[in-house]
Amino acid sequence: MRAAPAYLGLLLLALAAPALGIYPVFAMKLLCYGMFACAFNLLLGYTNMLSFGHAAFFGASAYVTGWLATSRGWGAIAAIGGGVATAAALGLLIGAIAVRRRGIYFAMITLALSQLVFFVCLEAGFTGGENGLQSIPRGTILGVLDLNGDTTLYYFVLAIFVAVFLLIRRIVHSPYGQVLRAIRENEPRAVSLGYQVNRYKLLAFVLSASLAGLAGSLKALILGFVTLSDVGQANSGQVILMTILGGSGTFLGPLVGAGVVLTLEEYLSERVGAWATVIIGATFVACVMTFRRGLVGELQQRYGRRRALSAAAPPP
Amino acid sequence: MTSVFGVPLPAILGQLMLGLVNGSFYALLSLGLAVIFGLLGVVNFAHGAFYMLGAFAAFVGWQKFGLGYWWMLLLGPLIVALLGIAVERLFLRHLYRLDPLYGLLLTFGVAMIAEGVMHAHFGSSGNYYPVPGLLRGGLHLGFMVLPVYRAWVIVASLGVCLITWAVIERTSLGATLRAATENARLVQAFGINVPVLVTCTYGGGVALAALAGVLSAPIIQVSPLMGSSVVIVVFAVVVIGGMGSILGAIVSGLALGVIEGLTKVVYPEASNIVVFVIMALVLVWRPAGLFGRDP
Numbered sequence: 020m021r022a023a024p025a026y027l028g029l030l031l032l033a034l035a036a037p038a039l040g041i042y043p044v045f046a047m048k049l050l051c052y053g054m055f056a057c058a059f060n061l062l063l064g065y066t067n068m069l070s071f072g073h074a075a076f077f078g079a080s081a082y083v084t085g086w087l088a089t090s091r092g093w094g095a096i097a098a099i100g101g102g103v104a105t106a107a108a109l110g111l112l113i114g115a116i117a118v119r120r121r122g123i124y125f126a127m128i129t130l131a132l133s134q135l136v137f138f139v140c141l142e143a144g145f146t147g148g149e150n151g152l153q154s155i156p157r158g159t160i161l162g163v164l165d166l167n168g169d170t171t172l173y174y175f176v177l178a179i180f181v182a183v184f185l186l187i188r189r190i191v192h193s194p195y196g197q198v199l200r201a202i203r204e205n206e207p208r209a210v211s212l213g214y215q216v217n218r219y220k221l222l223a224f225v226l227s228a229s230l231a232g233l234a235g236s237l238k239a240l241i242l243g244f245v246t247l248s249d250v251g252q253a254n255s256g257q258v259i260l261m262t263i264l265g266g267s268g269t270f271l272g273p274l275v276g277a278g279v280v281l282t283l284e285e286y287l288s289e290r291v292g293a294w295a296t297v298i299i300g301a302t303f304v305a306c307v308m309t310f311r312r313g314l315v316g317e318l319q320q321r322y323g324r325r326r327a328l329s330a331a332a333p334p335p
Numbered sequence: 002m003t004s005v006f007g008v009p010l011p012a013i014l015g016q017l018m019l020g021l022v023n024g025s026f027y028a029l030l031s032l033g034l035a036v037i038f039g040l041l042g043v044v045n046f047a048h049g050a051f052y053m054l055g056a057f058a059a060f061v062g063w064q065k066f067g068l069g070y071w072w073m074l075l076l077g078p079l080i081v082a083l084l085g086i087a088v089e090r091l092f093l094r095h096l097y098r099l100d101p102l103y104g105l106l107l108t109f110g111v112a113m114i115a116e117g118v119m120h121a122h123f124g125s126s127g128n129y130y131p132v133p134g135l136l137r138g139g140l141h142l143g144f145m146v147l148p149v150y151r152a153w154v155i156v157a158s159l160g161v162c163l164i165t166w167a168v169i170e171r172t173s174l175g176a177t178l179r180a181a182t183e184n185a186r187l188v189q190a191f192g193i194n195v196p197v198l199v200t201c202t203y204g205g206g207v208a209l210a211a212l213a214g215v216l217s218a219p220i221i222q223v224s225p226l227m228g229s230s231v232v233i234v235v236f237a238v239v240v241i242g243g244m245g246s247i248l249g250a251i252v253s254g255l256a257l258g259v260i261e262g263l264t265k266v267v268y269p270e271a272s273n274i275v276v277f278v279i280m281a282l283v284l285v286w287r288p289a290g291l292f293g294r295d296p
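Same order as they appear, the protein sequences are chains A and B. Under my numbering, residues 20 to 335 are what the first sequence spells out, in order. Under my numbering, residues 2 to 296 are what the second sequence spells out, in order.
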């Protein structure tokens, strides 16, 4: 495994981050959106399904976690579990409708259904409507570990992130992941080989939605608030940008993309105000026009040619 | 007072009217989206942004240049169409050979840029645009008062929709367009300049969106974000109607506007989501959409 040293280096960097003086809330946000993008990448990168509504899962899960922790007094783990379960159920429902169509139709359907979720969040009582949920307590893990310290919470989030990252790697390299890639490369052929393509896609969709939900739940605990923008269309667009900017279909790409986009936003919002949207939009255009493989994808293409070639061998 | 299911009749008629107005906008927008998709294979995410730019064209024309409604009804779509043509020539053109998803992503980025620029320039609050003098006031129909401007919007939009439909289905230009949709290479081989046809089609679809924007300026607040939620509804409309069908786009746009309006009377909380619920039901029942062909 050639990439192992890179991963090890990153992990060491992540472990040492609080000691290096990196602002822990920013680091947690990065892990959180990185996880969101990795979950999204499971669909786009390995199955070529472009979901334009992933904020629905991220946001709904964040709302449910926030509500459980605030109004019901649930502990961190239980509240996160409730959020992820909601995201999974929502993923099953939306996925079952959306996988009936492919390509751009799939994108449009997921977008429309996520807008439905957005309006439900706007109208439903427990979400706080326009105000959203505020001062969500971080709570404790099983009453033992207090998460209110930023450093403790950081290591908690890091542990979950590493677990999710390894899980996604495991899924992609499993026989199931092979079938997903077969569907991506040539769907009619996968059908003719006897695979129930829609079931494979639906499972991928539910997995991706659940992990996006996990990221949303963590976001609710980390920042302590959930607003409509978490469940809105702009958030769906942002995770797409993170993934394709970093490189869809690569393991590190979404994380890199999340880092670039979050840094850019943090930097821009202080300096240029409303023009930040314009710059993000221009980044989108530049990415689609010039480096469609994304940052990590282009690097792999340039320096890892042998591996890239063997991975992209044409079907016989 | 007359009432249907306990709801007073004037309230129903009023919402029906509003529904028809919204439905005409949906029809104009989904028509443009369907025409562009038919020839370019691109789902134009920037459609809502071009609609917004149309409304701003009317607003800026009035505020900065003193050009009235009727001038901008003509100039607005033209100016925005030129912008659309620039987008097509500069960017979209290079993506036709790739996965159609890239066209969607590119136009999403373009929409972000357009909305961001307008936001930075005009702020996020709505701007007032007056109803043109000729179309002020209301018609007393006995059972309700019909605002003249709203009636004009319905008549004008449906008129433009029907003209567009007739041009595509009944003229030789439309025949060329439909042929290019079926097989662009073959049409090119007959000596027709397909790239120019593609550019003009994109410009035309964008002009329809901008026209809807100018028409809507006097009845809604002109704001940078007015297009971003409309475009999602319009996506749902074309999924319901089936993307390939011109008439399907017009009919389902109008019908869904009316359904949305009536939902506002019966169960206001659901009026924002009724279109999406219908879309989900249609997809379960007929995955290709009501008028669509391909699965």
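Hints are computed from structural coordinates only; laboratory data are not their basis. Small disclaimer: the values here were computed from a predicted structure and weren't measured. Among these hints, one or two may not hold up.
[Stated by the list, open to error] Here are some, though not all, of the chain A residues that point toward chain B, as calculated from beta-carbon distances under 7 Å:
id : residue
1  : 294
2  : 297
3  : 310
4  : 314
[Stated by the list, open to error] Footprint (simulated), chain B over chain A, 3 or more residues, beta carbon under 8 Å:
id : segment
5  : 119-129
6  : 234-242
7  : 246-260
For each residue, glycine too, the CB sits at the ideal point set by N, CA and C.
Now the hints, each set against the structure:
1. 294: holds (5 Å)
2. 297: Holds - the Cβ of residue 297(A) comes within 7 Å of chain B, reaching about 4 Å at its closest.
3. 310: Violated - the Cβ of residue 310(A) stays beyond 7 Å from chain B, reaching only about 12 Å at its closest.
4. 314: violated (16 Å)
5. 119-129: holds (count 8)
6. 234-242: With 0 residues close enough to chain B, the hint is violated.
7. 246-260: Holds: 3 residues of the segment 246-260 of chain A have a Cβ under 8 Å from chain B.
The structure fails hints 3, 4 and 6 (numbered hints given earlier, in ascending order).
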